[in-house]
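Undergrad: This is what each chain is made of:
4 protein chains.
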Amino acid sequence: MKNHLWDLAHIAHVELFTPKLEASTRFFVDVMGMYISAVKGDSVYLRAYDDYEHHTLKLTAHKHAGMKHFAWRAKSPEALQRRVAALQKSGYGMGWNDGDIGHGPAYEYHSPSGHLTEIYFETEKYKSGASDTSALKNTASKFPARGINVRRIDHLNLFAKDVRAFRDFQLENLGGILTETIVDNLEDLNPKAVWFMVNSKSYDLAVTEDYLGMNDRFHHVTYAVNSREEVLIAADICLENGIFIETGPHKHTIQQTFFLYVYEPGGNRIEIANTTARLIVDPDYETVVWTLEERKKGQAWGLATVPSFHTKGTPMPEELD
Amino acid sequence: MKNHLWDLAHIAHVELFTPKLEASTRFFVDVMGMYISAVKGDSVYLRAYDDYEHHTLKLTAHKHAGMKHFAWRAKSPEALQRRVAALQKSGYGMGWNDGDIGHGPAYEYHSPSGHLTEIYFETEKYKSGASDTSALKNTASKFPARGINVRRIDHLNLFAKDVRAFRDFQLENLGGILTETIVDNLEDLNPKAVWFMVNSKSYDLAVTEDYLGMNDRFHHVTYAVNSREEVLIAADICLENGIFIETGPHKHTIQQTFFLYVYEPGGNRIEIANTTARLIVDPDYETVVWTLEERKKGQAWGLATVPSFHTKGTPMPEELD
Amino acid sequence: MKNHLWDLAHIAHVELFTPKLEASTRFFVDVMGMYISAVKGDSVYLRAYDDYEHHTLKLTAHKHAGMKHFAWRAKSPEALQRRVAALQKSGYGMGWNDGDIGHGPAYEYHSPSGHLTEIYFETEKYKSGASDTSALKNTASKFPARGINVRRIDHLNLFAKDVRAFRDFQLENLGGILTETIVDNLEDLNPKAVWFMVNSKSYDLAVTEDYLGMNDRFHHVTYAVNSREEVLIAADICLENGIFIETGPHKHTIQQTFFLYVYEPGGNRIEIANTTARLIVDPDYETVVWTLEERKKGQAWGLATVPSFHTKGTPMPEELD
Amino acid sequence: MKNHLWDLAHIAHVELFTPKLEASTRFFVDVMGMYISAVKGDSVYLRAYDDYEHHTLKLTAHKHAGMKHFAWRAKSPEALQRRVAALQKSGYGMGWNDGDIGHGPAYEYHSPSGHLTEIYFETEKYKSGASDTSALKNTASKFPARGINVRRIDHLNLFAKDVRAFRDFQLENLGGILTETIVDNLEDLNPKAVWFMVNSKSYDLAVTEDYLGMNDRFHHVTYAVNSREEVLIAADICLENGIFIETGPHKHTIQQTFFLYVYEPGGNRIEIANTTARLIVDPDYETVVWTLEERKKGQAWGLATVPSFHTKGTPMPEELD
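Chains as they are written, first to last, in this note's numbering: chain A, 7 to 327; chain B, 7 to 327; chain C, 7 to 327; chain D, 7 to 327.
Note that these hints are calculated values from the structure, not bench results. Please note that the accuracy of each hint is not assured.
Partial selection, computed: residues in chain C whose CB lies under 7 Å from chain D [to be verified]:
id, residue
1, H75
2, K81
3, S140
4, A230
Note that the structure is predicted; figures quoted are calculated from it, not measured. Virtual Cβ for every residue (Gly too), placed ideally from N, Cα, C.
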């Protein structure tokens with residue numbers, strides 16, 4: 007029995023680079039059904055209708071796709087202080103920034119995979135107005151009835167060169183539980199992919215080995231809808247609107263997520279998903295270990311994983327010069 | 007900003023009294039699709055296919071329906087010790103028992119409403135065997151493909167004479183967050199119903215004012231299915247099998263639960279529900295306050311709440327002599 | 007064994023009166039997700055995305071709500087001639103009109119309940135353009151991804167003073183099968199409501215006894231969505247947009263339709279429904295007979311039928327002077 | 007405008023050969039959720055809970071898998087006589103048999119593809135008893151709440167050496183509409199696959215070119231469930247019970263069927279499907295024509311068609327010696 011740290015509340019937001027800011031914005035508003043919270047400089051801030059913070063997605067114009075940074079919200083001011091102390095001690099800490107629209111000061115660090123990450127507690131809860139207040143007081147804003155109607159940010163998936171280093175860094179300094187992992191085999195237990203849970207949702211962050219041996223690449227960010235039926239409808243909406251569907255809808259063996267992967271116009275992979283009623287409330291949940299051999303069976307119902315799912319990340323090396 | 011206690015992991019199990027042990031057991035096995043874990047004396051222990059513990063329901067023969075006790079699992083041995091210390095100090099603590107089939111020693115207390123409750127950490131994770139192992143290693147046992155196929159215990163609802171006393175006791179000694187509440191009006195703020203969250207699921211326990219002014223009565227226990235479609239199918243299954251449907255399927259305004267309430271043959275109210283993608287990961291979520299006036303609108307889509315929902319609890323006074 | 011007539015193809019369109027043409031149009035476009043096909047004089051023509059004809063709904067400005075006329079499409083030119091001959095002989099026939107935007111000459115009649123009806127064969131199949139062509143060649147136009155996204159017209163429900171007279175007229179002159187009926191009791195077999203099937207969908211037209219003893223009143227028109235989940239989502243969309251929900255979502259005992267009834271801004275009742283996989287392909291299907299006594303059980307899962315469902319029709323008598 | 011024949015009511019039943027009669031029977035009862043209607047000699051008769059006839063599936067022990075015969079029900083005695091006259095004239099007619107358990111005399115023919123087919127009108131409507139009567143009078147028998155709970159037979163798919171010959175034979179002698187077709191290209195219009203509609207369901211029979219140039223082979227029979235969600239659940243049930251999933255769940259481009267293909271223990275391909283709200287009520291529906299080039303896009307959301315779907319039929323040539 008190991009004592010787990012529970013100082014992170016949830017994945018908070020992701021800042022994505024896009025070479026097509028306008029087209030990407032239209033995708034998230036018209037196809038995904040999200041709302042624009044703010045526009046500032048070369049960035050557009052967006053949220054899903056039931057995201058409670060100011061934004062969960064920040065799109066920033068750039069010459070190529072990818073992720074600029076992502077953020078965790080801490081569970082309390084004290085929890086934040088504890089994590090900052092650990093990060094400072096870890097050697098990965100960078101220092102405090104002044105915050106951004108929608109949240110207060112954040113402590114920055116680069117994870118072993120080179121991803122810029124921040125952690126904060128002070129936040130601006132979204133206050134809906136005359137036009138977007140929901141009829142239900144327990145919903146952050148009005149159901150948009152437009153496009154896919156994603157409800158909230160769900161999780162983030164990154165590529166890393168050294169998954170083991172990321173895993174150990176994360177569990178030691180940020181806490182949570184490793185709910186599932188892929189290892190090369192049961193002798194070496196060398197991790198190929200890891201899934202971290204910080205609350206009761208079975209994962210908020212996944213990290214997968216970068217096929218190209220690169221660091222700092224982005225795999226996908228996921229928004230949740232209320233049902234698998236809506237994931238199916240999302241596939242039709244993408245089909246009707248010329249959005250490239252990479253794979254799905256289908257059910258992941260790992261984590262059981264019902265997934266649909268598409269590419270937004272800027273080139274980043276976006277997942278629309280539903281996790282049905284799965285939650286992990288067991289506080290000493292034992293990590294589910296999958297071997298590469300077991301993964302050859304494909305996804306839950308036998309769908310072969312498409313090759314691009316393993317190789318495509320943003321940015322692609324040819325975009326970096 | 008108040009600091010919340012997060013020492014409870016989740017609602018663990020409920021022991022229900024039934025005057026018709028055999029018929030109640032058949033209902034939970036054949037109609038609900040649950041598995042029998044053990045039979046001992048006048049009790050039958052059951053679990054849903056993805057409940058990770060030995061059981062989440064214990065049926066015990068008795069002259070009338072009702073709840074004998076319910077249990078919380080603590081988040082760690084230390085968390086358990088902290089809660090026991092608080093309970094002892096509160097005056098509501100009773101002492102340790104030796105545990106039961108499936109879990110270790112538990113500390114018992116009577117809440118202000120008179121409900122016998124226990125809290126423990128040591129548990130027996132369910133180990134499936136040759137006939138009930140799931141094809142997916144991240145599922146506790148095989149999908150039964152029988153009846154309603156409930157997945158896991160979701161929450162518990164009790165009646166209490168003094169809801170305010172229960173609320174204050176719970177938050178002070180057990181922790182968690184009050185996510186939603188009904189009050190008489192915005193001047194008096196006298197609580198009529200309260201919903202407690204201890205993890206990221208928007209509630210594990212609800213307590214409602216007992217219309218008859220009684221204590222120690224049971225309102226319902228809820229099992230979750232994976233989708234709203236399965237709640238609709240559950241209604242057909244109950245209809246086809248002569249199970250009384252009290253109300254639903256419909257969507258609760260409060261907590262947005264998609265509900266179906268039925269009476270098991272022993273007389274206890276059982277809910278089959280799906281919460282779609284709703285989670286509360288905001289660590290300082292502000293309680294949503296509803297007034298009795300607002301509640302007159304009925305459920306989310308306007309369904310009038312059936313009178314029995316307010317008056318029927320188990321046991322009924324005429325059964326007590 | 008009776009030989010049935012199969013000369014009608016399907017319910018074709020409905021012309022509704024509305025005292026609020028603009029608001030009604032916005033409802034059908036923004037909330038229902040329909041497309042405007044044409045605007046002419048005081049009328050707006052609309053269709054759902056998979057309706058294959060030019061329109062299935064014509065909204066016409068008028069001082070009160072109600073139905074101006076509805077139309078059947080015949081199965082062939084010969085079938086049309088046969089029905090016209092029968093109608094002429096019946097004494098209810100009126101004569102040919104020149105057609106309307108979207109369809110050719112139609113033969114008009116007043117049914118015994120006084121409803122103006124027309125029957126035609128020549129029609130204009132909808133041709134989508136650059137902006138609304140579906141990615142799937144077997145879909146009439148692009149999935150709108152707006153509001154409720156209704157797919158096609160499903161059926162029509164009228165009020166009649168003398169249901170028996172309507173039933174006999176319909177079966178004798180128009181054909182089809184009476185799939186279900188409500189009668190007062192099994193001795194008198196006096197019909198209170200009747201459901202007519204003309205293809206394999208279990209009904210295209212329903213007629214219910216007018217509680218006020220009036221003729222020529224409209225009860226509702228129904229548009230189909232692809233799943234029950236979308237009916238549930240439709241309820242949320244109506245809730246969020248201030249559309250009055252009369253009753254539902256729930257499952258009808260009769261015909262098993264999963265229903266949601268709302269009032270459009272002009273006052274007419276509109277149903278959004280899904281019939282799951284139910285079809286009647288049995289060519290000598292025996293009418294299912296329900297008594298008023300049986301109907302007291304309410305809808306399939308026990309929901310009491312709301313009183314307004316029996317009394318409210320358009321126009322209401324107070325609107326007629 | 008061509009005049010269509012509408013003398014067929016629907017696909018009635020399929021007789022499948024199986025080398026594993028007991029295992030196949032268990033699959034259809036336990037996994038598919040069907041009921042056994044009768045057992046006679048080496049044959050087991052089964053129906054889905056809402057099939058209105060005595061059976062829709064007859065399993066017959068044989069050394070290899072495949073189809074022995076299938077049946078159409080005619081729309082009336084007169085319709086049957088008309089079709090028999092046409093079949094006799096066509097040269098493909100064989101003569102009358104005495105019927106089977108559940109239906110009266112049937113006229114037999116071999117289609118150009120060599121498949122034994124029969125057509126009849128007299129049938130035995132299923133009468134449920136004390137244990138399997140549905141609570142809803144408009145359902146043929148009780149919802150089983152076991153396994154996949156298929157509702158009714160939906161359609162049949164055969165392999166044929168000469169698809170054009172089958173198509174012309176079918177439309178001329180049996181009637182209906184060709185709703186969709188795959189052709190090699192738009193110049194030659196040589197049919198590779200054809201879909202026939204005989205009622206308002208977009209197809210009851212599909213015929214695909216046999217990749218091996220054989221005749222008299224079976225591709226699959228399909229049973230319908232009420233929703234796409236149930237197709238997803240069916241996939242889990244097959245996974246949990248060791249039933250091989252060939253492909254799906256996914257949406258067909260052609261006909262938009264939401265499909266899951268599995269192999270029953272005897273080796274025959276079985277589809278579980280939901281067609282959402284799609285119906286074709288247009289009596290002069292224009293055939294949707296797809297080219298092989300267009301089919302290279304895969305299924306609706308881009309899933310590549312698995313090779314076995316084109317090559318595997320029952321029996322396989324190696325089984326015939």
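Undergrad: Confirm or reject each hint.
TA: Checked hints:
| no. | hint | verdict |
| --- | --- | --- |
| 1 | H75 | 20 Å, violated |
| 2 | K81 | 4 Å, holds |
| 3 | S140 | 10 Å, violated |
| 4 | A230 | 4 Å, holds |
Checked against the numbered hints listed earlier, the structure breaks hints 1, 3; every other hint is satisfied.
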